[in-house]
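A.B. asks: One-letter residues, chain by chain:
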Amino acid sequence: MSACLDIRDLSAVLPNGQRVLRSVSLAVQPGEVRALVGESGAGKTMIGKAVLGVLPSSVRIVEGDMLLEGEDLGKLQPKARRTLIGARTALIPQDPLTALNPSRRIGPQMTDRLVRILGWSGEKADQRIRQLLDEVQIRDPDRVLKNYPHELSGGMRQRVLIAAAFAAEPRLIVADEPTTALDVTVQKQILRLIAQLQREHGTAILFVTHDLGVVAKISQKVSVLYAGKVVEEAETAALFAAPQHPYTRALMAATPRYTDPFASLKPVDETVLAGLAAEIASADQAWGRPHG
Amino acid sequence: MDDGRISRHGSGAKLWLAGGWLLLALLAAIFAPLVAPQDPLAQDLMLERLPPFWMSGAEPGYWLGTDSLGRDLLSRLIFGARIAFIVAFAAATAACLVGSTLGLVAGYFGGWADRIISRIVDVWMAFPPVLFAILLVAVLGTGLSSVIIAIAVIDWTRFCRVIRAETMGQSRMDYVENARIAGYGRIGIMLREVLPNVVPSIVALLSLEMGIAVIVEAILSFVNLSISTDDPTWGGIIAEGRLSIHQAWWVLVFPLITLILTVLSFSQFGEGLKARFDPVLR
Amino acid sequence: MAEPLFSVRGLKVALPDMTRKPLIGRAPLAEILKGLDFDLPKGSVTGIVGESGSGKSTLGRALVRLLEPSAGSVTFDGLDITHLPEAELRPLRRNLQMIFQDPMSSLNPRRTIASIIAAPLKQNGLGDNLRARIAEALQRVGLPQSFASRYRHELSGGQRQRVGIARALALSPKFVLADEIVSGLDVSTQAQILTLLEKLAAEMGLTVAFISHDLSVIRRLCRQVIVMREGMIVEASATDALFENPRQSYTRDLISAIPLPEIDAGWLNIPPAAKAPT
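Chains as they are written, first to last, in the UniProt record's numbering: chain A, 1 to 292; chain V, 1 to 282; chain P, 1 to 278.
Treat the hints with caution; some may be incorrect.
If we take Cβ atoms under 8 Å as the criterion, some of the chain P residues that face chain V in the derived model are [as the list claims (entries may be wrong)]:
hint: 1; residue: Ser57
hint: 2; residue: Gly60
hint: 3; residue: Val64
hint: 4; residue: Arg94
hint: 5; residue: Met98
hint: 6; residue: Asn108
hint: 7; residue: Asn124
No more than 25 Å apart at the CA atoms, straight line, and that leaves these computed lysine-lysine pairs for DSS-like [said to hold, decoys possible]:
hint: 8; chain 1: P; residue 1: Lys199; chain 2: A; residue 2: Lys266
hint: 9; chain 1: A; residue 1: Lys146; chain 2: P; residue 2: Lys21
hint: 10; chain 1: A; residue 1: Lys124; chain 2: A; residue 2: Lys146
Listed next, the stretches of chain A that the computed footprint assigns to chain P, with coverage defined by at least 3 CB atoms under 8 Å from CB atoms of chain P [said to hold, decoys possible]:
hint: 11; stretch: 46-53
hint: 12; stretch: 84-92
hint: 13; stretch: 188-196
hint: 14; stretch: 202-213
hint: 15; stretch: 247-258
hint: 16; stretch: 262-270
Since the hints were derived computationally from the structure, they do not count as laboratory data. None of the values given here were measured: they were computed from a predicted structure. Even glycine gets a Cβ: it sits at the ideal position worked out from N, Cα and C.
Please model the entire structure based on the sequences and the hints provided.
C.D. replies: Structural data, given as structure tokens:
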């Protein structure tokens with residue numbers, strides 16, 4: 001069975017030649033949640049954007065392949081690529097408020113994609129959306145569909161967006177820090193919903209987050225990123241049982257744990273950062289040679 | 001990051017081109033008696049409607065030709081620049097001082113001060129500006145100072161509105177709150193923390209306003225409401241050129257080009273300066 | 001029991017609710033804090049935790065009197081500051097300092113770091129010997145002296161927050177309000193900033209109100225915790241007691257909702273699948 005998403009040696013640069021993705025390889029199997037974890041500047045959001053084909057114009061992919069269900073995105077014409085990505089993927093964004101148009105009602109915003117991109121009839125789209133709203137435990141869909149985004153709470157907006165993401169039965173969902181803007185109690189509900197829908201629909205998820213706690217709860221596999229490079233990749237259970245890379249260990253020690261306040265919140269050691277810098281530099285050197 | 005560098009580079013070129021033209025025009029205006037090839041007021045009916053230098057029938061020393069009274073067009077444009085620049089600097093500065101101060105007060109203090117100032121601005125902007133200017137000059141009498149006062153009185157609202165909005169944004173920043181924590185008074189905070197952050201916008205607006213003042217002065221001259229008809233003004237020359245467009249197109253075209261270049265340069269210069277000031281932000 | 005630095009009784013704060021402002025006339029007042037009673041003992045670090053809308057930031061701003069309470073009393077160091085006018089507050093300001101959530105917005109982009117740290121010193125009669133005082137402030141938070149001439153955009157997020165701390169502590173205040181000071185930082189930077197604050201608070205004997213949404217961080221840093229919800233105190237107790245034996249179900253929910261960085265298959269508690277995976 002081929003991978004749902006297969007990224008091979010993906011490198012991307014800024015106009016000044018600086019690499020922002022450094023030969024990233026990762027595969028997401030069908031129905032699997034793969035976490036991308038890292039701090040700011042790690043390139044985790046960039047990978048999600050590359051998959052969805054929405055990289056900012058200043059970032060240019062210079063090497064590598066991305067295969068979506070076996071189809072090489074790089075070999076497709078732009079229009080065919082857009083259609084393929086549109087039909088098989090979806091996004092759960094970080095900020096549910098800016099992801100919704102403030103001056104349109106929720107209903108049409110949710111059905112738009114189904115009608116316009118997938119060519120469903122309005123009635124079918126409406127039915128589907130109601131079914132999904134039920135699955136994300138929105139009890140009064142009539143009211144919510146007529147509401148404007150600002151009339152819903154943050155948690156409700158995120159439920160709406162999760163419903164919209166699953167509505168078209170995508171094979172892959174990119175979830176970009178979907179719970180970062182939420183309160184912890186709401187975060188737990190939303191994580192539970194995502195996990196539940198993911199299992200029921202068999203959807204693969206590329207789950208971008210900075211929080212190792214979230215990684216532990218939601219994912220089966222994880223890639224730890226630093227400066228656009230995958231420094232460690234493992235089964236989630238294995239990673240937490242025995243982290244291999246010094247940076248992963250340092251991140252775990254820095255993450256606060258109320259169960260063990262004084263063993264956690266450890267500042268990252270200088271030697272770890274120096275080691276990372278050396279690792280990045282040597283990777284760049286090795287990469288730079290054949291590319292001039 | 002990098003996009004910023006590219007756009008800043010572009011704004012650099014704009015800044016130099018616009019600044020170069022303005023400097024050239026300014027120097028010509030200051031040293032008008034030295035650089036003008038002829039007396040701008042000297043009439044000579046023998047020399048009427050001479051064409052510019054590259055056309056047949058041109059006379060040496062009359063580079064851009066002459067008007068229907070035989071006056072040298074280039075010299076008239078150079079002397080016209082004097083009035084244009086005096087009006088630009090004086091009127092724009094006056095409008096800027098009044099408008100920026102009120103905008104800063106309205107934006108920072110809010111409440112009643114904001115309500116009163118904003119209502120005045122609303123009422124002010126309901127008047128059509130050109131008619132308002134003509135009315136003012138008609139009341140004040142023609143003359144350089146009337147033109148300057150008229151422009152300042154009309155256009156302070158432009159500063160007030162923009163600076164008020166910028167000040168409101170700045171006032172919400174934590175460093176303003178922190179200045180209170182540090183023990184500063186309200187006026188001290190306004191001048192110390194807020195003002196420096198709205199200065200780039202003030203500078204850009206000031207430059208833009210100078211260009212607008214040049215246009216308004218030209219419009220007033222055009223309808224013969226500016227200063228004495230003897231002194232050459234760009235608007236006055238354009239008005240005259242319009243009458244002889246079929247016999248001597250250059251009398252209309254050259255002042256128009258000068259006017260457009262100058263106004264465009266003022267606005268581009270302001271934008272360029274703002275971009276120069278701004279790398280501090282983010 | 002040490003005498004409290006802050007003593008808060010029946011504190012209410014009402015703010016204009018702009019979402020319900022009529023077309024003409026004033027916005028109606030919404031009560032954000034609905035009657036709070038608590039003490040902050042001298043030299044203690046107190047955590048104030050709550051979700052969005054709990055009023056924790058409003059409470060902080062009422063303590064340092066950026067907001068005026070609508071009812072109740074706030075006593076600081078034996079002095080009732082509830083309704084003190086701005087002019088009379090000014091001499092107290094040096095003892096009521098604050099570190100902000102977003103170090104980007106809390107540092108003026110057009111001022112050098114030296115000038116930012118100098119501002120409160122000058123305003124509070126410590127303008128002599130400025131250079132040495134700035135050097136000391138920078139050194140205290142572990143920033144090199146060369147940073148004095150830099151601007152905020154030349155600093156990383158963690159460095160900016162260090163400047164925020166340096167500025168607040170330059171006056172050796174009695175009280176510091178820390179409002180979500182690490183929520184915008186990466187975990188590795190967060191750990192540095194928190195250990196720095198922990199160290200300085202102990203060294204300088206500071207009384208700190210540490211506002212946060214993150215109970216894990218609070219457990220490490222704070223001796224006592226105030227749990228807030230919708231403008232009221234749900235529970236206030238010593239930190240260890242709160243975590244080991246939370247009395248309120250809301251507190252229990254808050255604690256159990258924290259995703260710990262460890263495998264726990266039962267945490268999400270997903271009901272058995274209604275249908276088989278497709």
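A.B. asks: Hint by hint, note whether the structure agrees.
C.D. replies: Each hint, compared with the structure:
At its closest, the beta carbon of P/Ser57 sits 12 Å from a beta carbon of chain V; the interface hint therefore is violated under the 8 Å criterion. With its C-beta approaching chain V no nearer than about 11 Å, P/Gly60 sits outside the 8 Å limit, and its interface hint is violated. With a cut of 8 Å, the hint placing P/Val64 at the interface with chain V holds, because the nearest CB-to-CB distance is about 6 Å. Hint status for P/Arg94 relative to chain V: holds, with the closest Cβ pair at about 7 Å, below 8 Å.
Annotation: interface hint on P/Met98 holds; nearest CB of chain V at approximately 5 Å, less than 8 Å. Given the 8 Å rule on beta carbons, the hint for P/Asn108 holds: about 4 Å separates it from the nearest Cβ of chain V. Interface restraint check: P/Asn124 against chain V, minimum CB-CB distance 6 Å, threshold 8 Å, status holds. Simply put, P/Lys199 and A/Lys266 have alpha-carbon atoms about 13 Å apart, close enough for the 25 Å limit, and the pair holds.
The hinted pair formed by A/Lys146 and P/Lys21 meets the criterion: a straight-line CA distance of about 23 Å does not exceed 25 Å. Among the hinted pairs, A/Lys124 with A/Lys146 is consistent with the structure: their alpha-carbon atoms are about 18 Å apart, no more than 25 Å. Figure legend: the stretch 46-53 of chain A, annotated as covered by chain P; annotation inconsistent (0 residues with Cβ-Cβ distances under 8 Å, at least 3 required). With 0 residues having a beta carbon nearer than 8 Å to a beta carbon of chain P, the stretch 84-92 of chain A misses the requirement of three or more and the stated coverage is violated.
With 5 residues carrying a beta carbon less than 8 Å from a beta carbon of chain P, the stretch 188-196 of chain A meets the three-residue requirement, and the given coverage holds. Counting residues of the stretch 202-213 of chain A whose CB lies closer than 8 Å to any CB of chain P gives 5, which reaches the minimum of 3, so the coverage claim holds. A count of 8 residues in the stretch 247-258 of chain A with a Cβ less than 8 Å from any Cβ of chain P is obtained; the coverage claim is therefore met, three being the minimum. Residues of the stretch 262-270 of chain A lying with their CB closer than 8 Å to a CB of chain P number 6, which satisfies the three-residue condition for coverage.
When each numbered hint is compared with the structure, violations occur for hints 1, 2, 11 and 12.
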